[in-house]
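Under the numbering used here, the first residue of the sequence shown is numbered 919, with each subsequent residue one higher.
Hints in this document: simulated from the structure, not taken from any laboratory.
A couple of the hints might just be wrong.
[As the list claims (entries may be wrong)] Distance ranges between label pairs, derived from CB positions: (1) 954 with 1021: 29 to 37 Å; (2) 944 with 919: 35 to 43 Å; (3) 1068 with 985: 22 to 30 Å.
Using N, Cα and C, we set each Cβ at its ideal position, and we do this for glycine too.
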Amino acid sequence: MNYIYLLINVGVIFFPLILSFDKKVHFFSKWKFVLPAILITGIVFLIWDLLFVKLNVWSFNPDYIVGIKFFGLPIEEILFFLTVPYACIFIYECLNAYFPGNNLQKYSFSLSNLFLGLCVAMLFFGYNHWYTVINFGFLLVILAYVEYVNVKFRFMYKFYRAYLVSLIPFYVVNGFLTAIPVVIYNDEQNLGFRVGTIPFEDHFYLMGLLLMNIYLYEVFKNNRFKKDLVA
């Protein structure tokens, strides 16, 4: 039973890794952009994770982890920030390759403003809950930066489509993590509202995690593209 979280990580990355050699997507050829994006984002979220453990926002059920820890975090939790972003960026690239047309382009800026408004509202109503404040505060900052400061290239219409599709495996994976439970949430530090067994904030935790990964991925990819043009 103590291999449950490890097996979930393996299940998350198994098919995206195998299918990375698909001839149309050629995802393996983009690893040089994917890996640094995952590494940088992973460091940020691991610091966040350590803080949340210290603040008793969540903890890990010892019955479902192998017991190997680094800086107080289970090895499975560290792997989570590799497997989940890899799978989500893979979904992003597959959708872009197989479905280049995207009707969300007309609505992405409005969607971003809607989510920014939601972030402000959640900060107002959840100001005394650590998970709510840090989660929506982070999303507010990165979303505002991407939409209002980052003007070099636009990708949010592609991001929202990938996020919506990523919610399907999210409900499966996070459903297991929160129902068993592998991750134990302190409901005093969140709004106390759940979709099934999944805290409401987790949906936007995924959005922030995915947005930072894809933003950095696009930065690295676009910079390389410009260098190739100059060369």
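Tested hints:
1. At about 31 Å, the CB distance of residue 954 to residue 1021 agrees with the hint of 29 to 37 Å.
2. Between residue 944 and residue 919 the Cβ separation comes to about 39 Å, which falls inside the hinted range of 35 to 43 Å.
3. A C-beta distance of roughly 42 Å is found between residue 1068 and residue 985, which places it outside the suggested range of 22 to 30 Å.
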